[in-house]
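Student: Protein sequences appear in the order of chains C and P. Read in the numbering used here, the first sequence has 16 at position 16, and its numbers run on one by one without any break. Take the position in the second sequence, starting the count at 1, then add 184; the result is the number in the numbering used here.
In short, the hints are calculated from the structure, not lab data. Model, not experiment: these values are computed from the prediction. Be aware that one or more of the hints could be misleading.
Claimed, not checked - Just so you have them, the derived chain C footprint on chain P, three or more residues with Cβ under 8 Å:
| no. | region |
| --- | --- |
| 1 | 221 to 227 |
| 2 | 783 to 789 |
As the list claims (entries may be wrong) - Ranges of calculated distance between the beta carbons of each label pair, as one might list FRET restraints:
| no. | chain 1 | residue 1 | chain 2 | residue 2 | range |
| --- | --- | --- | --- | --- | --- |
| 3 | P | 758 | C | 60 | 45 to 53 Å |
| 4 | C | 153 | P | 867 | 44 to 52 Å |
| 5 | C | 32 | P | 708 | 51 to 59 Å |
Stated by the list, open to error - Non-contacting residues of chain P with respect to chain C, defined by C-beta distances greater than 12 Å in every case (computed):
| no. | residue |
| --- | --- |
| 6 | 257 |
| 7 | 435 |
| 8 | 478 |
| 9 | 570 |
| 10 | 664 |
| 11 | 669 |
| 12 | 670 |
| 13 | 681 |
| 14 | 742 |
| 15 | 778 |
| 16 | 800 |
| 17 | 834 |
| 18 | 887 |
| 19 | 912 |
Virtual Cβ for every residue (Gly too), placed ideally from N, Cα, C.
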Amino acid sequence: MVWRIVAGMKRRLGLVCAPMLMASACRNMPGPFAPPVQRQQLEDFRPYRMSAIIDMADEDAKTHFVQDLTSNATATWRWTGQRPTLRVRMRSAENLRYTIDFVVAGAMLAKTGPLTVSFLLNDQVLDRVRYDHDGVQHFEKAVPAGWVTVGEDVTVGASVDKPWIPPEGGPQLGIILLRIGLTQ
Amino acid sequence: MRQAAAALFGAGFTVAACYAAGSLLIDQLRATLRQDERIPLAFVLGAACLHLAIFAILGLHIAYWPVLAAVLALTIIAAIVTGAWRGAHTASGKPVAPLSRNLRMVFGWCAGIFAVVYLVNAWAPEVSPDGASYHLGLVARALRVHGSEPLTNDMYAMLSQGVEMLFVPAFAIGRHSAAALVHFAFSVALALAMLAYGRRIGKPWAGAAGALLTFASPVVGADASAAYVDVATAAIVFGVFYWTEVWDDSEQRRLSLLIPVGLLAGYAYAAKYTAFPIAIYALGFVAWRCRRLRPITRSLRPVLLVAGCALIMAGPWIARNWIWYQNPVAPFANSIFRNPYIHVMFERDYSESLRNYGMPSLWPLALEATIRGAYIQGIIGPAFLLLPVALAALRFRAGRRLLLVGALMVSTYFANIGARFLIPSLPFFSLAIGLAFGEAATLLAALMLIHAAASWPPVLNRYVNPNCWRLVRFPYQAALRLTPPDDFLRKNSQGYAAAQMIDAKVSGDEPVFSMDGIPDSYTRHQILLYYESASNETLADTINMGWNPAAQPILSRVFSFPERKARRMRVVQTAQGFYPHQWNVYELRFFYRGTELARKLDWRLQAWPNPWEVQLAFDNSLATRWRSGETAAPGMYLDVDFGREEPVDEVRLVVSGDSELTRLQLESASFTETWEKIADNPTVIPHDVPPGIRRMATYELHARGIHYLMVGDKSNGSDDFAEDPEAWGLKLIGHTAGERLYQTIW
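The task is simple: from the sequences and hints, build the whole structure.
Tutor: Listed below in structure tokens is the structure:
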């Protein structure tokens with residue numbers, strides 16, 4: 001086969017091309033393979049659930065801040081002002097849930113009395129909850145259809161009715177935010 | 185400060201050893217050279233010799249720093265003891281006029297200032313993308329394992345690494361900056377050699393102008409200040425040319441002077457594949473000059489000597505690649521030298537991208553390469569718009585030779601239009617531009633000053649595209665390590681923080697599969713980058729199936745036919761596809777009366793092309809697929825030998841949504857091995873994507889012993905991982921600005 005091709009060429013060209021054709025003609029074919037180990041069907045997977053949660057421990061958390069998040073923070077939490085707001089973007093608007101984890105500070109409650117927190121989505125109030133004890137709080141609620149547009153920025157936030165200025169001074173404080181966002 | 189000193193010492197020691205080795209060889213050859221040309225030529229020639237010694241040390245797996253230091257030290261001592269170091273027996277080339285005061289002023293100041301900028305940048309911690317990733321990543325890995333070993337999942341490891349061999353001892357002593365400083369030394373050697381060449385041909389001003397045009401070129405500066413290899417390649421290529429001139433000028437064209445020509449021609453290939461045309465020039469030039477020698481063996485002997493010496497330098501790399509990667513020119517020419525390590529399609533994709541770098545049209549390439557640099561990563565400088573003027577140099581013999589070599593060296597440029605791929609041709613074009621002006625000192629001085637001003641970084645910032653690769657800082661504090669290297673690198677090296685995160689979060693020496701480039705040299709872990717080999721590409725394809733609908737199995741093609749007994753069956757693809765459409769099959773199943781034939785261990789599976797991955801179509805996973813690895817074409821097949829006659833009445837292939845471009849035909853064979861067509865035009869049945877496809881994809885990582893996945897925040901599909909890692913069977917274990925590190929949770 002190779003020689004037939006070469007013979008059809010001019011001799012000099014053939015001499016140049018023959019080694020290349022010989023090389024290319026040597027197909028590097030491995031021997032046949034046996035069937036591999038058969039994969040078993042997965043049973044422990046769960047359906048995909050989109051989640052856009054901003055954890056204050058995230059290195060890029062600041063890129064989501066819109067307003068009222070103070071510089072009073074550690075690696076895992078951050079004091080907010082009266083109306084903390086953050087920005088997220090969703091690739092789906094189906095079955096979304098607003099979710100937030102935060103801390104109500106005891107020192108604050110002692111001064112201000114029970115606190116009412118409004119949970120906001122695109123500046124609309126999703127719900128209001130009154131807190132009369134300190135500690136870690138979790139709030140989660142389904143987002144009504146139509147509140148979120150796919151591919152557009154969504155603001156998630158909260159609003160505290162009675163902000164607090166600590167005795168040592170500084171800006172108004174609201175809650176200690178751990179994480180906030182939307183999940184499916 | 186200790187690190188800064190170590191970097192300087194590591195580089196200085198290596199450079200001195202190169203010079204010593206070259207001096208010893210020049211001494212043996214009794215090549216008479218002027219001192220100003222002997223120094224750069226000895227350094228480059230010695231680099232070639234030393235690279236081979238280090239290649240051998242790595243091959244023997246004795247790459248411990250005392251061994252490397254001993255080799256360098258012994259070479260230096262030998263050169264000093266024999267007198268070769270100072271050129272006692274050879275530094276007596278033909279006398280030339282001293283450089284004029286004006287020339288020394290203009291060239292000295294301009295080149296000196298640029299040299300300081302380059303030196304400081306090279307001395308600072310390495311931040312260049314390729315330098316910190318594969319050039320030094322491979323060096324660091326070789327030093328970790330004290331030798332070289334086949335890295336079949338890294339295409340960059342398949343390239344020849346002639347210059348990186350010199351980085352090995354430098355890196356062992358002074359880490360990254362030492363390697364970059366070695367490369368910087370090549371840029372100085374190149375400039376000095378060009379200057380010396382100008383004096384050799386009696387045109388010192390032209391030589392100085394040419395040297396400065398190349399040396400101050402912005403892309404040369406950026407490249408020479410990093411652990412790259414392009415400027416070193418240019419110096420080696422120019423060394424070949426210089427030695428041909430030395431040989432041609434010698435009395436009776438001494439045969440021994442062709443040894444450096446051949447060695448450097450081979451070393452040029454070892455440094456960078458695209459420099460191979462200089463070997464053609466060397467062989468052609470020698471053959472041309474010896475064509476009248478009789479008998480014919482006398483004219484052949486010089487050519488064979490050059491070829492033989494070239495083979496000494498290039499041969500080990502060719503042999504290594506053939507033995508390790510089944511391809512002497514790996515990672516290229518994979519359609520000729522077929523192998524399991526690089527897909528033919530990848531080579532084509534890669535080549536296509538290198539041919540245009542995303543430029544909509546190549547018409548503005550001249551402006552892009554000289555003043556914009558938006559796409560091709562750097563500029564050579566606006567002075568090179570004068571290149572047509574270089575044709576005036578054709579009136580000189582030297583000009584004709586320079587332009588010929590320049591044209592040869594630029595002939596490979598359109599295979600990769602990156603600005604730095606112009607560097608090996610720059611010395612020749614620069615000198616030709618200088619020669620075009622004859623010895624018009626005023627004009628050449630003005631040209632040098634204008635080029636230096638236009639290439640000065642702050643001036644450069646005014647006219648180049650912001651994306652243009654160039655020197656942007658004068659990091660003297662980082663060079664002296666007054667700024668902690670970690671701080672400097674976190675601020676200036678893309679991916680450094682991610683590399684450090686890998687070291688902090690990943691245990692032992694486990695590999696990390698990455699969908700984004702990481703500076704490998706800053707982590708002790710092996711980074712399996714998604715495109716760097718066939719196996720990595722296949723894994724990336726599997727991972728992408730989790731989020732990319734175009735890659736998901738959503739169709740079945742079903743052949744139904746009257747029951748028959750067959751020993752072998754194959755599905756043949758009969759349509760000519762178009763680039764980049766591949767034929768792919770997730771699963772190929774055989775049925776009899778509605779029941780699938782259980783796959784038995786004595787079945788024998790074959791495919792053409794890409795036979796090595798045929799098992800992916802028979803592993804019962806819809807998260808893996810066999811792909812042809814090249815454009816779909818008639819005659820491609822998947823072939824199953826059952827080992828015995830089996831009754832079959834239906835064959836199903838699971839394929840992706842774009843499979844309408846393929847035409848399939850089912851054939852069977854009995855013991856006679858004669859193929860008989862059974863059916864074509866299979867019925868197409870759509871079906872849902874398996875709900876656990878993400879986790880199935882990750883399982884394939886896990887099954888291959890890879891438990892960590894790095895995804896860049898800007899990588900395709902990164903949102904999908906970030907939004908629900910658990911659905912992927914992943915856990916987020918680290919996050920830097922730009923990269924997320926996941927661990928499989930099996």
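Student: When you take the CB atoms of residue 32 of chain C and residue 708 of chain P, is the distance between them in 51 to 59 Å?
Tutor: violated, 39 Å
Student: Verify this label for me: residue 778 of chain P is non-interface relative to chain C, using a Cβ-Cβ cutoff of 12 Å.
Tutor: Residue 778 of chain P is indeed farther than 12 Å from all Cβ atoms of chain C, at 19 Å.
Student: Classify the label on residue 570 of chain P as holds or violated, using whether its beta-carbon is more than 12 Å from each beta-carbon of chain C.
Tutor: Fine: 38 Å to the nearest Cβ keeps residue 570 of chain P off the interface.
Student: Taking the CB of residue 153 of chain C and the CB of residue 867 of chain P, does the distance hold inside 44 to 52 Å?
Tutor: Since the Cβ atoms of residue 153 of chain C and residue 867 of chain P sit about 46 Å apart, the hinted range of 44 to 52 Å holds.
Student: Can we confirm that no CB of chain C comes within 12 Å of the CB of residue 669 of chain P?
Tutor: Since the minimum Cβ distance to chain C is about 21 Å, residue 669 of chain P lies beyond 12 Å and the statement holds.
Student: Check the non-interface label on residue 681 of chain P: least C-beta distance to chain C beyond 12 Å or not.
Tutor: Given a closest Cβ separation of 9 Å, the condition is violated.
Student: Measuring Cβ to Cβ, find out whether residue 435 of chain P lies farther than 12 Å from everything in chain C.
Tutor: With a cut-off of 12 Å, residue 435 of chain P remains clear of chain C, as the shortest Cβ separation is near 36 Å.
Student: If you check the beta carbons of residue 758 of chain P and residue 60 of chain C, does the distance land in 45 to 53 Å?
Tutor: holds, 51 Å
Student: For residue 257 of chain P, which was marked as not at the interface, is the minimum beta-carbon distance to chain C over 12 Å?
Tutor: Per Cβ check, residue 257 of chain P is outside 12 Å of chain C; nearest 44 Å; holds.
Student: Check the non-interface label on residue 664 of chain P: least C-beta distance to chain C beyond 12 Å or not.
Tutor: For residue 664 of chain P, whose nearest Cβ neighbour in chain C is about 30 Å away, the distance exceeds 12 Å, so it holds.
Student: Please verify that the nearest CB of chain C lies beyond 12 Å from residue 742 of chain P's CB.
Tutor: Holds, because the least Cβ-Cβ distance between residue 742 of chain P and chain C comes to about 21 Å, which exceeds 12 Å.
Student: Non-interface claim for residue 670 of chain P: all C-beta distances to chain C beyond 12 Å?
Tutor: holds, 16 Å
Hint compliance for this structure: hints 1, 5, 13, 16, 18, 19 are broken, all remaining hints hold.
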